[in-house]
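Enquirer: Sequence:
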Amino acid sequence: LFNTKSRGQARMPVDSRSRYGDAKSGFNGGDNISNVQLNDARADYIINDTRMQIRLTKPMKGNGESVKIKMDFSFILPEYGADRCGILNTKNGDIFTVGQWYPRMCVFDEVQGWNTLPYLGPSEFYLEYGDFDFTITVPATHIVVASGELQNAAEVLTPAQNNRYEIAKKSDKTVMIRTEKEVTDPSSRPKGNTLSWHYKITNARDVSWASSKAFIWDAAKINLPSGKTSLAMSVYPVESSGEKAWGRATEYTKKSIENYSKRWFEFPYPAASNVASNVGGMEYPGIVFCGWKATEDGLFGVTDHELGHTWFPMIVGSNERKYGWMDEGFNTFINSISHEDFNKGEYKEEPKNMEQMAQYMFGPNSEAILTTPDAMKEVNIGTALYFKPGYGLELLRNEILGADRFDYAFKLYIQRWAFKHPTPWDFFRTMDNAAGEDLSWFWKGWFIENYRLDQAIESVKYEGDNEANGAIVTIANLDQMAMPVTIAYETVSGKKDIIKLPVEVWNNTNVWKVKLPTTEKLVSVVIDPKKVFPDMNFANNSWKTN
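Sequential numbering of the sequence shown, starting at 1, is according to our numbering.
Keep in mind the hints are simulated off the structure, nothing from the lab. Built from N, CA and C at the ideal position, the CB exists for glycine as well. Be a bit skeptical, because a hint or two may be false.
What the hints assert, rightly or not - Derived EDC-like pairs (lysine to aspartate or glutamate); straight-line CA-CA distance at most 20 Å:
no., residue 1, residue 2
1, K244, D185
2, K262, D341
3, K58, D22
Claimed, not checked - Derived CB-CB ranges, DEER-like:
no., residue 1, residue 2, range
4, I47, S171, 47 to 53 Å
5, K244, N508, 46 to 52 Å
6, L56, E346, 53 to 59 Å
7, E110, E449, 52 to 58 Å
8, Q37, F108, 18 to 24 Å
9, E340, E378, 29 to 35 Å
10, K500, E350, 40 to 46 Å
11, I499, D49, 28 to 34 Å
12, G227, P159, 27 to 33 Å
13, I499, K24, 58 to 64 Å
14, D133, E378, 46 to 52 Å
15, E180, S542, 44 to 50 Å
Sequences and hints are given; from them, build the entire structure.
Expert: Below, the structure written as structure tokens:
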């Protein structure tokens, strides 16, 4: 993906392969740019690494003045483009998945001004919204899917395919537009050497596309809360077909988008295409690339995750270059709910093992979530950008605020910042204000710092040495992170109960005494009986009578 002289290529390890590039590949990537014009005149510009600066002859006026920029550019598609784009070889032809393929506008925002961090690989993208009108000319044997809505279906499809395409727009069931048998049938494509596919999408931050003569193509209608509809589509090779594989991809696409639209914010695009490729998983507005070998829960999971990126960062336009957790972590969170919702829990996730996960999240070599991805160890990115922020929001929803307060605040955050550029502090403040709760302690411990949690039972004693007077349990917070406390206890007669303490008990102390309203001997006392908090040492969370 990188130019051989770029900073990103210089960062690739010589003794191992990185997801973001290969120091030994010899591939010379990047755009070749020429004939740059500003308002139809030759432009003064420089290119420095992954950034191009066009120098204006005079400043633009602040009342909405615009300039027109034109240029010629070319891009050589790599076989494997850092899991962003690539070329998949199949028995019926190559599948070209094309992303990061044109010069994109730098964001000028009210916080930073021009955002000029270079692209180095781990830190993804920060993009501005705009309207795209583009045409892709390919061999006539190819099918093309892209961001947005196809404008000239009758010109690029056979009459039979165009009819099926129109039927699919009205069908809740998956409709085959190009069947497996038709892939090797020359009559399944219009005659001629080339065809030009015309697409449009509005208020989007990027566009991408895929092209192949090997595509099976199916589609179904997406029903949106407002009464509007969109179109779910999947394209894949015969090697990926079947009901345990990509034969259900359009169903997954349709259901994921309908669910997220109902829960959080309505899907804004006229279509969503799911493309089988050698890219493990990558998202663009209205189109995603997913692994061609994925099946069943694996295919649902990657489809649901990549489409979830429609909400973060496509709708809520956070700065991925600095704050990758604001899209990957938020998306991981909404994915966890979507897995429960889909088909009555068909692919519901197993409960997380907090004893194991705490060691990953708070290990001695772990960076804080707020660390820029480019500054993280590559091995830690999955935890710090995806799992830890995602699980943090699960805790906030399920254990701290409750679903009603959390969902109201989270939806309001999306509504307030749709098609805008929030910072982490915009998110923190929106959640605080909308939930009616000052969560500064949570944001600091979980996101800003890498604090660890270790709650413990220090002692259990009966008041006045008489069990009839009740029990005094002394608990301790042995590390820096504070969390609410759930205490479960059982008495000798089998009575069970739970006491919950707010996080404020730790405001000015790390030791707290709790009186349990018992009148008989205790059998056991346990902190966090369901093991939902990532405690570094669950061994000191429980007490049992001798």
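Enquirer: Now, for every hint given, state plainly whether the structure supports it.
Expert: Structure-based check of each hint:
no. : hint                    : in the structure
1   : K244 / D185             : violated (25 Å)
2   : K262 / D341             : holds (11 Å)
3   : K58 / D22               : violated (42 Å)
4   : I47 / S171: 47 to 53 Å  : holds (48 Å)
5   : K244 / N508: 46 to 52 Å : violated (57 Å)
6   : L56 / E346: 53 to 59 Å  : holds (56 Å)
7   : E110 / E449: 52 to 58 Å : violated (27 Å)
8   : Q37 / F108: 18 to 24 Å  : holds (21 Å)
9   : E340 / E378: 29 to 35 Å : holds (31 Å)
10  : K500 / E350: 40 to 46 Å : violated (26 Å)
11  : I499 / D49: 28 to 34 Å  : violated (58 Å)
12  : G227 / P159: 27 to 33 Å : holds (30 Å)
13  : I499 / K24: 58 to 64 Å  : holds (60 Å)
14  : D133 / E378: 46 to 52 Å : violated (38 Å)
15  : E180 / S542: 44 to 50 Å : violated (57 Å)
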